[in-house]
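J.: Chain by chain, the residues:
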Amino acid sequence: MKRYILRRVGLAIPTLFLVSVIVFGMMRLMPGDVVTRMVEGHGYAPTLDALRRDLGLDRPVHVQYLDWVGGIVLRGDFGRSYWTRQPILDEFLRRFPVTLELAALTILVSVVIGVVIGIVSATRQDTAADYLGRVFAILALSVPYFGLAVLVVVLPSIYFKWTPVWTYVGITRDPLENLKIMLVPALVFGVTRAGPIMRIMRSALLDVLRQDYIRTAWSKGLSERTIVLRHALKNALIPVITLIGLQMPLYIGGSVIIEAIFRLPGIGLFFFEALTKLDYPVVQSVNFIVAALVVGLNLAIDLSYAFLDPRIRYR
Amino acid sequence: MRSWIRASDTAERGTGILIPAAEPAARQVPRPRPRAWYVDVWVQLVRRKPLGTMGGVIVVVMLAAAILADVVSPYGFAQTSLRERFIAVDRSHWLGTDQLGRDLLTRLIYGARISLYVGFGAVVLGSVIATVFGILSAYFGGRVDLLLQRAVDAWMAFPPLLLLMSIMSLVGPSVGNITAVLGVAFGIQNSRIIRGVALSLKEHTFIESARAAGAGHLRITTAHILPNVLPTIIVVATTGLSTVILTEASLSFLGLGVPPPYPTWGGMLSLAGLDHMYQAPWLAIWPAVALSLAVFGFNMLGDGLRDLLDPRLKGR
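Same order as they appear, the protein sequences are chains Z and A.
Under this note's numbering, the first residue of the first sequence carries the number 1, and numbering increases by one thereafter.
Under this note's numbering, the first residue of the second sequence carries the number 1001, and numbering increases by one thereafter.
Keep in mind that the hints are not guaranteed to be accurate.
To be verified - Cβ-to-Cβ under 8 Å is the rule here; a few derived chain A residues that face chain Z: (1) V1144; (2) L1148; (3) A1151; (4) S1200; (5) L1254; (6) L1271; (7) M1277; (8) W1282; (9) V1295; (10) F1296.
To be verified - Cβ pair distances, simulated, as ranges: (11) P1050(A) - R124(Z): 19 to 25 Å; (12) P1050(A) - L229(Z): 48 to 54 Å; (13) V69(Z) - H1204(A): 33 to 39 Å; (14) R85(Z) - V1124(A): 41 to 47 Å; (15) S1092(A) - L100(Z): 47 to 53 Å; (16) R124(Z) - L1199(A): 30 to 36 Å; (17) A129(Z) - A1088(A): 26 to 32 Å; (18) L1100(A) - S157(Z): 19 to 25 Å; (19) G1141(A) - A50(Z): 37 to 43 Å; (20) Q86(Z) - S1092(A): 50 to 56 Å.
As the list claims (entries may be wrong) - To spell it out: a stretch of chain Z is covered by chain A in this simulated footprint if at least three of its residues, at any positions, have a beta carbon under 8 Å from a beta carbon of chain A; those stretches are: (21) 141-155; (22) 185-194; (23) 240-252; (24) 256-262.
In short, the hints are calculated from the structure, not lab data.
These numbers were taken from a predicted model, which means no experiment stands behind them.
Note that beta-carbon positions come from the ideal geometry of N, C-alpha and C, so glycine has one too.
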């Protein structure tokens, strides 16, 4: 087990190194007129050279890279925003709960919808309910979430005079108000993500329901409810969980658009605003932190599989 | 030696009768020449996959709209008419007009052209990249494989949208750029699948016999591995088209994809135009419907083709 863990962690380190090179290189290749914009449009410094020196952009590229990576590895310092001069990590940590909450609610919504419809579809195979469920899954797969989000923002405000709440309230300040704000975005995003979950739930459950131990359960005289919910569901949920793990990057990526439409002050909006303001250190560090989180998450998933299933360790 | 697998050759396809490879001379009945696999797939699609056929019809309509955009659309896509702003529906503007008085139907039709142009361009480019790197990585193995796969790992660690947004703001929005960027991204992601298929092919005896017959690396990879990877490539490409079109739409939505005045469905829905939609909800509805229909069409067609061509990938 120890050797397996060491090997997996050992593989993650070069990946993170490559990730850091990719994000850093990308930012250096940017047609870099952020300095011009800051000096001429906003008067950040008297001359271009002064600001460049100030931001450390006059140093050779490899020194800048080592400074950035060194800061992260040695001091946990992810640099500062060009515009606000605030530490990026502080801002990231302040905004992270919003994105995390959005992702958690989205996953909750999509799992509840997907699993319930999947169960009904599988246990009532080839009935009207099954077809309805499958039509729903296809619709959910086809409607783009940002299109749905725009419609949800625009249409009710025209026809019912209803608008989503625009001013954000933190979860610690007023949990109920916060939930009211987060619910609509999470529902919109969650409904469109429920399609694949429903599909995989349905096919996994159909598979499991045909196995011998389920026939044994039937012949013991157990009720359908007990068989499906207590015996079959547990095994059928494994591929669903794998799917959610694989789709984590999609939830984070999608939060950029959802947060932009619903004006939620999360990581996605932070990233998007930094990108439009050419705030490269922010873009670079947010990209890196998120990628590192994904690598870490994958590692955790792999290790937990190895923990649960000894066969994997010896492969 | 012809080494690809034909859909019409495998059991329970077509007539449903299993035809033995070597028929005894006495039982020889004249039978129709088997269709080539690339023809057979379409026949099977229409016969057995109603949803796939529906998707195919949508795709054909879209293709026709895209190719004939100049002929069928009533106006120019950037033709403004300030006296006719925000018309909902009328006889000369079937789907209404936008804030500059541009005809929405015209822009949707041209939008199909851009979507398909970017979609097909990116998928073709991406399939070539995926195939070349997938086969190289699998065939040569060892250090080449290790290096390439770590690079793919690093790429896949990013949430795709964040990375693509960063790259698009680096190279600047344009039709050519977004096609190239989406193509490269598609290629890197799918090289894993091609690599997997090529890895298992590599172990087959026909590769060994080709090598024994004196075939070089180039001949083995192009004449023996490539034709067998082809069905997988087609499946990956058709199922990937909807994702690529959707990604282009989300980037254009954010203003990082195809720049104005070119009409794209994502751009028409866009964040920047949100304020106008409160006045004219059809500006949001029609592009969303067009995009959903296109994604639905490509998804269903892709699913149908996947089931017929490569059942191994089912449920992926």
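J.: The structure should be examined with respect to each hint, and the outcome stated for every one.
T.: Checked hints:
no.	hint	in the structure
1	V1144	violated, 15 Å
2	L1148	violated, 12 Å
3	A1151	holds, 6 Å
4	S1200	violated, 17 Å
5	L1254	holds, 7 Å
6	L1271	holds, 6 Å
7	M1277	holds, 5 Å
8	W1282	violated, 10 Å
9	V1295	holds, 5 Å
10	F1296	holds, 4 Å
11	P1050(A) - R124(Z): 19 to 25 Å	holds, 21 Å
12	P1050(A) - L229(Z): 48 to 54 Å	violated, 33 Å
13	V69(Z) - H1204(A): 33 to 39 Å	violated, 45 Å
14	R85(Z) - V1124(A): 41 to 47 Å	holds, 46 Å
15	S1092(A) - L100(Z): 47 to 53 Å	holds, 51 Å
16	R124(Z) - L1199(A): 30 to 36 Å	violated, 41 Å
17	A129(Z) - A1088(A): 26 to 32 Å	violated, 38 Å
18	L1100(A) - S157(Z): 19 to 25 Å	holds, 23 Å
19	G1141(A) - A50(Z): 37 to 43 Å	violated, 54 Å
20	Q86(Z) - S1092(A): 50 to 56 Å	holds, 54 Å
21	141-155	holds (count 12)
22	185-194	violated (count 0)
23	240-252	holds (count 3)
24	256-262	holds (count 4)
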